[in-house]
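Residues per chain are reported as follows:
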Amino acid sequence: MRIYDHPILGGLREKRKVSIEVDGEIIEAYEGEPIAAALLAAGIRTFRHTLRENKPRGLFCAIGRCTDCVMTVDGIPNIRTCVTPVREGMRVETQVGLGKWRRI
Amino acid sequence: MDAELSVIGSGPAGLSAAIESAKYGVRVELIDENILPGGQLFKQIHKFFGSKKHYAGVRGYDIGWRLLREAEDAKVNIRLNTTVWGIFQSSNNRIGLFDQQRVFFSKPKRLVIATGATENPLSFPGSTLPGVMGAGAVQTMMNIHRVLPGRRVLMVGAGNVGLIVSYQLLQAGAEVAAVVEAMPKIGGYLVHALKLMRTGVPILTSHTVLEARGDKEVESAVIASLDKDCRIVKGSEKELDVDLVCLAVGLKPDAELCRMLGCGFTYVPFLGGRVPIHNEDMETTIPGVYVAGDVSGVEEASVAMEEGRLAGISVAESLGYISEGEAEKEKDEIKERLRDFRIGPFGSPRQEGKDKILTEYKRWFSNEGKRDS
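One line per chain: the protein sequences are F and P, in this order. Residue numbers for the first sequence follow numbering that gives the first Met the number 0, beginning at 0 and rising by one. Residue numbers for the second sequence follow numbering that gives the first Met the number 0, beginning at 0 and rising by one.
Because the hints were derived from the structure by calculation, they are not lab data. Warning: the hint list may mix true and false statements.
[To be verified] Derived DSSO-like pairs (lysine-lysine); straight-line CA-CA distance at most 27 Å:
hint, chain 1, residue 1, chain 2, residue 2
1, P, Lys237, F, Lys99
2, F, Lys54, P, Lys334
3, P, Lys108, F, Lys54
[Claimed, not checked] Heads up, incomplete: computed chain P residues facing chain F, CB under 7 Å, no partners named:
hint, residue
4, Gly125
5, Val146
6, Gln170
7, Arg230
8, Gly234
Beta carbons are placed, not taken as given, at the ideal position from N, Cα and C, and that holds for glycine.
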């Protein structure tokens, strides 16, 4: 959910929009924001599943420390989505376990 | 040409250290792995308080902008998107860097490690579900990226972070179902607690979170009250309809680089656990390596800025850019401001912690060969 109005920070300034693909679906994001922010704004909170027990994981620390939010981005697994900015046409996939390396 | 001083981390402490030393002529390089400088300052949308000298009445992000302008004026070279992945004591504290393109090395004469702190997790059934987040993480998402990670929130912890972030959640349009605090009293400043209480948010002391429930993501949370021995009171369990559980249960210093270097450590629970031993000028047990801010013991941004300045002046002095007499005068003023900050019921345990670190520093050099115990 985007915060459009804020009593301290004011209205949300319009930024350039880009489109990214998340598990085959196209979502809109603001240029330069972290992938994790774009996903939360689109209502997506589960970013990966664990290797052994297939448990869901999402964003935890949001500053690149905990690695709970990693996903496969443009074919490269284990990308920290909280500190990686979106780019037009980026392909983001829910990661299972350690993910699979794939040529782009 | 290599910088004379590398400052690692561009939060309030790192920025202040870089600005201060650069003012005296030190060639400084400020390194940060993030794409923007400022550390956690830009998500602090509340007004700081204390005295004028401590930026009272100024919001965190405005302090951030001021520091960035000062850094520019002082010609600090800021290197962003660059990770320090190693420090090598055996080769005169050479540092290994990666700027997303290439791996390279730098050999500064002095180092200031200002890497801050990490939020503590808390383990309970369901604590790994999407929708359980650090309170600081939620703050980053809502105040910097303008995205709300949940609509109805349980806050765990009534220290300053828990109280401030709860209020900021309300400002961002979320509902706060309750703040639970395991201790019998509120840990943070009363001014923050009162702001929250005026809005009707219950702050439940002697309460904790037992469980986060939900198939795939948080759908509710169970809380319960605790007796005076911190045992769960049977029958007091309550299920709250929330989709976000925020953990504000303290921070611990991000001191991996100090560990890598072999700095001495000591245990000070009130400052976040194991902290690098340092002297009054913020120098660690390894000569030429300084710490400042939360990495040297978790306190607040105002303290981090003063410690950064202290480290910056000490570096300038050690490199001969400022005379001992002049440096002493400057440092004494900062030390006095730090003492002002560490008085009263919230401050004095921190002063005791810092005093312990200083005692350990003296012991370290009177008892050579003693390692991290």
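Hint by hint, where does the structure go against what was stated? Just the numbers, ascending. Result: hints 1, 2, 3, 4, 7, 8 break, sorted rising.
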